[in-house]
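Asker: From the two separate chains plus the hints, produce the assembled complex.
Protein chains in written order, with my numbering: chain Z, 1 to 300; chain X, 1 to 252.
Everything labelled a hint here was simulated from the structure, so no lab data went into it.
Even glycine gets a Cβ: it sits at the ideal position worked out from N, Cα and C.
Among the clues, some could well be false.
Facing chain Z, a subset of chain X residues (Cβ under 7 Å, in silico) [what the hints assert, rightly or not]: (1) V41; (2) W203; (3) A227.
Spelled out, the chains give:
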Amino acid sequence: MSERTLDRRTLMISAGLSTMAGISAAASGKSAGWVERLLKRRFVELSDERREEILAEIEETCRKKYGRDDITVSDTRALDGVEFAYGLDLSRCVGCRRCVYACVHENNQSRDPQIHWIRVLEMKKDHGIDFAESDIYYDPEEVPEPESFYLPVACQQCRNPACVKVCPVKATWQEADGIVVIDPDWCLGCRCCMSACPYGARHFNWTDPTIAAEEINPDTHVFGNLPRPKGVVEKCTFCIHRTRKGRYPACVEICPVGARKFGNLLDEDGEMRYLMREKRVFVLKEELNTKPRFYYFFAT
Amino acid sequence: MPQISDESREKIMEKPIGPDPETPDSDKLLPGSSSLAVLLVVFTTVSFLVLFSIVRGGVGHVTESEGGSRAFGPTEVTGVDFDIELLPGTEEARFGPEDGGFLVPPPPWSESGFFPCSECHSEMEVNPERRELEEMHDDIELVHGPSDRWCLDCHNPDDRDVLRLVNGRLISFDESYLLCGQCHGTIFRDWRQGIHGRRQGYWNGGKSYLLCAHCHDPHAPAFHTIAPLPPPVRPQFLAHQAQGEIQEAAHE
Chain Z
1 MSERTLDRRT
11 LMISAGLSTM
21 AGISAAASGK
31 SAGWVERLLK
41 RRFVELSDER
51 REEILAEIEE
61 TCRKKYGRDD
71 ITVSDTRALD
81 GVEFAYGLDL
91 SRCVGCRRCV
101 YACVHENNQS
111 RDPQIHWIRV
121 LEMKKDHGID
131 FAESDIYYDP
141 EEVPEPESFY
151 LPVACQQCRN
161 PACVKVCPVK
171 ATWQEADGIV
181 VIDPDWCLGC
191 RCCMSACPYG
201 ARHFNWTDPT
211 IAAEEINPDT
221 HVFGNLPRPK
231 GVVEKCTFCI
241 HRTRKGRYPA
251 CVEICPVGAR
261 KFGNLLDEDG
271 EMRYLMREKR
281 VFVLKEELNT
291 KPRFYYFFAT
Chain X
1 MPQISDESRE
11 KIMEKPIGPD
21 PETPDSDKLL
31 PGSSSLAVLL
41 VVFTTVSFLV
51 LFSIVRGGVG
61 HVTESEGGSR
71 AFGPTEVTGV
81 DFDIELLPGT
91 EEARFGPEDG
101 GFLVPPPPWS
111 ESGFFPCSEC
121 HSEMEVNPER
131 RELEEMHDDI
141 ELVHGPSDRW
151 CLDCHNPDDR
161 DVLRLVNGRL
171 ISFDESYLLC
181 GQCHGTIFRD
191 WRQGIHGRRQ
201 GYWNGGKSYL
211 LCAHCHDPHA
221 PAFHTIAPLP
231 PPVRPQFLAH
241 QAQGEIQEAA
251 HE
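So that you can see chain X by itself, here it is in the shape it has in the complex (with noise of 0.2 Å):
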């Protein structure tokens, strides 16, 4: 600190502080009354914040529409099967081949009425046109890759109980993955690795796979979007049992 002179400091304190020196309370920060109203405003704004975040429940609340306010079990979630039943045969293959056996539902559809489709189409004309359909397969809506694409691209105008590769091979509907496989060759590849679609059974044996066509309609392959099961419970609405054991205790 520089050493002021005697003198110097004596005309320091000489100097009037302050705009007006004829008030007493000028030298404060504040002036009496308008502290008192300062202090009022932030006692008051404090007290609203604390009675708001309790009225709203604190810094966690949530609405009852936001989901995690109950804890669910999964019995209580309907339209999921949590005990899997193995595709038959899956258990026998256990331990079977060296290389584990691989097994697969039968193609979708073939067990629903439709197959063979020379049941029908034996007696039928062929009909290369791009039409509306009517009377049959009206309810197939076609949103597959290019728009200039036609039932005959994939399915075998003279047979339709097989499909038809673009270089002319037929092919049955369960190895209908070749046909996908013209296209989507990354995905084909993945999936014959077991890195794309599903499988069960054993990491070490016997498994099942499903075809393209058992996850992706082949007229429309996008997935649908589907319902969530319910969020976990949040912290706030966690402890019902523990609750009870608390304030037991607490009672004793």
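The shape of chain Z in the complex, shown without the other chains (with noise of 0.2 Å):
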């Protein structure tokens, strides 16, 4: 925090508060970030040392929880000049459900109890777009029924997030490229976010969650796919591990129509700004003012 005057006093019990809990952080051998958190510094206020220390400590941590030794955790940045936006084509969803068990399997999510970051919600052709009327647990032979559309809702990484305003302690805001993270570390659990959050694409881990460790993803990024600890919110992330790497999400590869678009805004000749030029794209509950990066459309 660069505004803040350091003034003899504070510097005086930081100084004091940092040698205290670094004693007791050595003696009884806390987790990472323990002196941070005590300190009242999050995560991304702190050098980048410090920073690569913290990651280092999680990442021996994760590896010995789970055994592995290929668990590898980062914090990559947001790349310049890149604003992420999704598309998804309705007209070519079948509602076949393999976006969301690639997202379980691509990001870490518990097994039991079940957390699905993405609900693919069957609606009525005849009613369309009616929320209230849809049906996310349908379970027929055979998908799409002639009848139906359907219709996936994950996190929209809104440009106005109503979730970020109202934590009362600054565990998730919004990234340069647009995505909204949450630090799991920071987050109380309070669950404020989720009663915000419109599009329900806000979960809480109510218990550890149980993955086996043979299906633990270990390229993970310290704000997306490494695991959670119980009592703290999660939510999607466009796959931040991938996506900051140049990778497509999870979701945009398994699609086997190809009803998933992902790309930079900013890129003028990018597949994102053709498909807002040439197609009538929309937003979720566009009245509330969330500002989506997620668009929706129907393709001919």
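Answerer: This is the structure:
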């Protein structure tokens, strides 16, 4: 925090606290970032060196917990000149739920109790988009059913996110590339964000998430798919660990009908800009002024 | 309230109220015995409803067959590989050309033993007749566009290893999108921009795309229905593990 003036008193206090924290942390063998938490300093405010140290510690803990040496924890930052956006072609989606499980597989969601970041809403063609009448538990032999269409919903990565505004401790914020992330170390578990989100996109870890060690995706991001502890909120991050390295999100790649589109909104010649020029895109619950980065459209 | 004189009040008081002034119960809404009966009816109905909802399992009750009573994980799902292998060369094209390298798998059937078609067809006479196919290609069901469409509208009669556009231009099978684009112009345009069809790899670099024929059988291009993966678990069945913890806590 650069704007904070550092007078002698604060300096003395923080120095004293640091020493005390350091000693007690060393003595008790507490987990990563414990000192900073005591000093009320968030992960993103720390120096690069300290971040590295904490990441290494988290990595170590995680490797030990799951008994796997291939787990890596990164904090890949937002790319310059990139603002992510997502497109979903509702006239293609068949409601097969491949994306739902690909997401669970990719992002280390808890298997039991089950957490799904993507929910596919089945709606009736003669009703149009009607959330009250929609069904997420549809289970016919085969999809699509002739009278239905399907609307997958995950985090809409709003430009004006209600969830960020209500967080009492700033544990969730919007990154430069538009992804709304959560710091699981800072999250209180008050679940205000869950009630603020009009899309039901946030999910709470009521217990320790259970994932079999061999099912863990070892490529993790500290604000993304790093296995979460009990008592924190989690949500879709556009596969932050993949997309910041250039890869498409897992749901885009698994979609058997190619209904899911992803790209950089600032790239004039990119897929997303073409989509927004040529198709009549819309966002969910536009009247709430959340300004999502998730665009739905019906292609011909 | 309007003032009522004592005189008129007395008159009102004198007037008998109710249809039968002889019965003492008649000034009540219901007579004694029937109010008991009504209470009994209400009580029985309510208790039946409560019992019924307990037996049925409450408001959120679902039958086993409705789905959502069990949590499935990705490993329990058969037939879908969630670890997507990129097309060989995608990683190499990652930082390749400025606009990203585009890769495409070989056209369908090109490695199945059918190709090259000329192996059989070069020795055969061209028969443009519309007919029931026997011996070979009898598995092809032509459900695509007008009913008078036939093989040689797209396949080149003189050299079967290539396709033929309407304007007579010959194209190889890996350019088949040009053929499809003759009729499906808007979709062709979308496909070239990456809006129609599936892409894998890097959004800012090397990526693989698919030909029309990879997803749509050109002879019967409509998509077939597929089995959906299991629905999410309903809230009333969610808390397997949590239930244990809660009970433990309650015992302590």
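Asker: Give a verdict on every hint.
Answerer: Structure-based check of each hint:
no.	hint	in the structure
1	V41	violated (35 Å)
2	W203	holds (5 Å)
3	A227	holds (6 Å)
Checked against the numbered hints given earlier, the structure breaks only hint 1 and satisfies all the rest.
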